[in-house]
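Residues per chain are reported as follows:
Number of protein chains: 2
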Amino acid sequence: MENFFQILARDPFSRARSGKLELSHGTVFTPVFMPVGTLAAVKGLLTEQLEEMGTDILLANAYHLYLRPGMDIIQKAGGLHRFMNWRKSVLTDSGGFQVFSLAPLRKISENGVVFRSHIDGSLHEFTPEKVIEIQEILGSDIMMPLDECIGHSGLYEEAEQALRRTLSWFERSYVAKKREDQVLFPIVQGGMFLELRRKAAAHALSFDPPGLAIGGLSIGESKEKTREILDFLIPLLPENKPRYFMGLGTPEDLLEAVEQGVDMFDCVFPTRAGRTGLAFTKRGRLVVRNAPFRLDFSPLDPDCLCYVCKHYTRAYIHHLIHAREMLASILLSYHNVYFMIQLMKEVQKAVKEGRFKPFKESYLQSMRGDGRFEEMGLSEK
Amino acid sequence: MENFFQILARDPFSRARSGKLELSHGTVFTPVFMPVGTLAAVKGLLTEQLEEMGTDILLANAYHLYLRPGMDIIQKAGGLHRFMNWRKSVLTDSGGFQVFSLAPLRKISENGVVFRSHIDGSLHEFTPEKVIEIQEILGSDIMMPLDECIGHSGLYEEAEQALRRTLSWFERSYVAKKREDQVLFPIVQGGMFLELRRKAAAHALSFDPPGLAIGGLSIGESKEKTREILDFLIPLLPENKPRYFMGLGTPEDLLEAVEQGVDMFDCVFPTRAGRTGLAFTKRGRLVVRNAPFRLDFSPLDPDCLCYVCKHYTRAYIHHLIHAREMLASILLSYHNVYFMIQLMKEVQKAVKEGRFKPFKESYLQSMRGDGRFEEMGLSEK
Chain L
889 MENFFQILAR DPFSRARSGK LELSHGTVFT PVFMPVGTLA AVKGLLTEQL EEMGTDILLA
949 NAYHLYLRPG MDIIQKAGGL HRFMNWRKSV LTDSGGFQVF SLAPLRKISE NGVVFRSHID
1009 GSLHEFTPEK VIEIQEILGS DIMMPLDECI GHSGLYEEAE QALRRTLSWF ERSYVAKKRE
1069 DQVLFPIVQG GMFLELRRKA AAHALSFDPP GLAIGGLSIG ESKEKTREIL DFLIPLLPEN
1129 KPRYFMGLGT PEDLLEAVEQ GVDMFDCVFP TRAGRTGLAF TKRGRLVVRN APFRLDFSPL
1189 DPDCLCYVCK HYTRAYIHHL IHAREMLASI LLSYHNVYFM IQLMKEVQKA VKEGRFKPFK
1249 ESYLQSMRGD GRFEEMGLSE K
Chain F
889 MENFFQILAR DPFSRARSGK LELSHGTVFT PVFMPVGTLA AVKGLLTEQL EEMGTDILLA
949 NAYHLYLRPG MDIIQKAGGL HRFMNWRKSV LTDSGGFQVF SLAPLRKISE NGVVFRSHID
1009 GSLHEFTPEK VIEIQEILGS DIMMPLDECI GHSGLYEEAE QALRRTLSWF ERSYVAKKRE
1069 DQVLFPIVQG GMFLELRRKA AAHALSFDPP GLAIGGLSIG ESKEKTREIL DFLIPLLPEN
1129 KPRYFMGLGT PEDLLEAVEQ GVDMFDCVFP TRAGRTGLAF TKRGRLVVRN APFRLDFSPL
1189 DPDCLCYVCK HYTRAYIHHL IHAREMLASI LLSYHNVYFM IQLMKEVQKA VKEGRFKPFK
1249 ESYLQSMRGD GRFEEMGLSE K
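Protein chains in written order, with this note's numbering: chain L, 889 to 1269; chain F, 889 to 1269.
Rather than coming from a laboratory, the hints here were simulated on the basis of the structure.
Worth double-checking, as some hints may not be accurate.
[Stated by the list, open to error] Taking CB as the label site, the calculated pair distances span: (1) H1006(L) to E1140(F): 35 to 45 Å; (2) A1179(F) to Q963(L): 35 to 45 Å; (3) H1199(L) to K1237(F): 52 to 62 Å; (4) E1249(L) to A1179(F): 52 to 62 Å; (5) R1212(L) to E1249(F): 37 to 47 Å; (6) E1013(F) to S1010(L): 57 to 67 Å; (7) I1007(L) to N891(F): 55 to 65 Å; (8) E1249(L) to P992(F): 52 to 62 Å; (9) R1160(F) to R994(L): 32 to 42 Å; (10) L993(L) to L1252(F): 50 to 60 Å; (11) K1237(L) to P992(F): 54 to 64 Å; (12) H1199(L) to S1056(F): 41 to 51 Å; (13) E936(F) to T915(L): 21 to 31 Å; (14) E936(F) to E1083(L): 53 to 63 Å.
Computed from a predicted structure; not experimentally measured.
All C-beta atoms in this analysis are idealised placements derived from N, C-alpha and C, irrespective of residue type, glycine included.
Start from the sequences and build out the full structure, keeping to the hints where you can.
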């Protein structure tokens, strides 16, 4: 575990750093964006395409895969990598969040959580041990423990009780873990309460984990609140462990979090935005569906070198959206995921060259657009 | 035009032949299957993928593209090839068939046909000249003239009147055509009436066209009827002109038509079947959605060398179908189109080696399945 994470460069003017993770399926340079393949597929993209655009790690979800296709199938396939034809790394979320957000019924006890499947209503139980077992069958490179998730408006007592359970569940997860080729990150919970976050961090660190996940943020709270908690939490964490902010997603959010010292990100936003006709560009987001793009024969992002930007125009993709062609979602998802991967590569470079802060500032300024793009149908979402 | 079509080999035991077409965007070996990209996109597939699987020519539709995105856009893009990022050949259908099958209102006169758009109800007129103009803007390598299509149960008088119009419209199309880098095939119509088919063929040949299209078949009539008309029609056509059977689609149908002397095919079936979860294999069709494939880790077609069969299993695609992942449609469409392209390559080889008949027989026997596949969920559609 000694060489699991290595910091390659630190930004002298912020907590941003660049580093590398050594996982069983290869090296991952950080900061890193992990495309989300919840159900063993990143929506609309072949694993070949993910690899060609430079993806080194992607995310899948234990809750979803346990329910569908089911563990017997993944096991017989020889694990998730082989099942989905992906030879690089995978991080699996435990599905704690999904149990609490998707399942139509759930009953929490000390032992775990009993819930109904959101697909067919069948009854299941997740215990910390069960969730580790699932992820050992999946064979993900980085596993997450079962945790109890509460909303961002939860009361202190509620958050404290949930945290107590999360901590106890992590201890059992830690004990249950058997495979040596996987790592387990504790999830730092604690809701919106700094004191609980401190307690969670201390507990996590007492296990000397290879890395830490930050959970229960980016779930609807204000950006100021997110920043406040990160500002408080990150200094409590040792430098030498990678920090994974679960579910954070827009380019702007990532840059802010990198500055605060976060190393790993995942979000469905790039593919979901793609399916709704939205393209990320260095000059802001384009609602490619809108009329101004009808006759615009420039690439989605003139500064982008991805396959889509090299070969296709806004006018063509605008047409595909209106014709309801699947290819619109494919091209936009490809470009948006590439955009995020590339953004993280540029961040790594900027950190190495000691110019992260100016890089970030000019990037954000450019992303806010120069007015021209707004006229052209830019969404200010 | 002298070298437009060259026959490379003839089967001594049937009318099957293999040859090559010299088009402005490259050589096309026949018999050939042309994937359908009605709206300037083959559903679910990148042009890069079509090229890598060996597609030399694809189909698009003038009626559809005229309505959406509209000719101003295609013109400004520099033609259809550039608009859709396809550097090989394109055949465009005139859209006569679509006017008669999709438009909610149509009024036919000697001059042409007035119709309402099936998209927004707007009123448009197609004349033979207009349809040539549209296809000259599209810049397709092979154009089709406006024709009048009737159902397969049309009466003789109806078919005769429609044919009279189709012939007169072709004369005007022939005169209207200006570009030298495109060719125009007359469409042999005449409904289910041999006498009208003979008249249509004679008229078409009086123009010494580079090739001929056979229209008004595969529109619901019995297979015996199709065969009867082909049997009658093909001997009326000179050997040295390619014959394009419009809209014929299953692997079995193609083999039968090749035997009768047809050289070119198009159909939406491979992609449409893919989107419904159906895979073509040399041993028949697989309904991959069905339960027997849940734990089947073999490729869609064990005899296939396509990208999908090299990397993905039936179990994985079965999962994607049930999870409603777009990737299921993508993978199945890729495989099915590859299957058709590859089938035509094998046909070319069999004809060259003088063994088309045994090749066809063993292929059809294999396609009918060996019983085992039926148990595994094979559709006998």
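A quick look at each hint next to the structure:
1. A hinted range of 35 to 45 Å holds for the C-beta pair H1006(L) and E1140(F), which are about 42 Å apart.
2. For A1179(F) and Q963(L), the Cβ-Cβ distance of about 18 Å falls outside the hinted range of 35 to 45 Å, so the restraint is violated.
3. Taking the beta carbon of each, H1199(L) and K1237(F) are about 32 Å apart, not inside 52 to 62 Å as hinted.
4. Between E1249(L) and A1179(F) the beta carbon distance is about 57 Å. The supplied range of 52 to 62 Å therefore holds.
5. One distance hint, 37 to 47 Å for the beta-carbon pair R1212(L) and E1249(F), holds here, with the actual separation near 42 Å.
6. A C-beta distance of roughly 59 Å is found between E1013(F) and S1010(L), which places it inside the suggested range of 57 to 67 Å.
7. A hinted range of 55 to 65 Å for the beta carbons of I1007(L) and N891(F) is consistent with their spacing of about 60 Å.
8. In this structure the hint that E1249(L) and P992(F) lie 52 to 62 Å apart at CB holds, the actual value being about 56 Å.
9. Between R1160(F) and R994(L) the beta carbons are some 41 Å apart, a value that agrees with the proposed interval 32 to 42 Å.
10. Taken as a hint, the range 50 to 60 Å holds for the pair L993(L) and L1252(F), whose Cβ atoms sit roughly 54 Å apart.
11. Checked against the given bound of 54 to 64 Å, the beta carbons of K1237(L) and P992(F), roughly 57 Å apart, stay inside it.
12. Between H1199(L) and S1056(F) the C-beta distance comes to about 42 Å, which sits within the given range of 41 to 51 Å.
13. Our hint of 21 to 31 Å for E936(F) and T915(L) holds, since their Cβ atoms are close to 28 Å apart.
14. Between E936(F) and E1083(L) the Cβ separation comes to about 55 Å, which falls inside the hinted range of 53 to 63 Å.
Going through the hint list in order, the structure does not satisfy hints 2 and 3.
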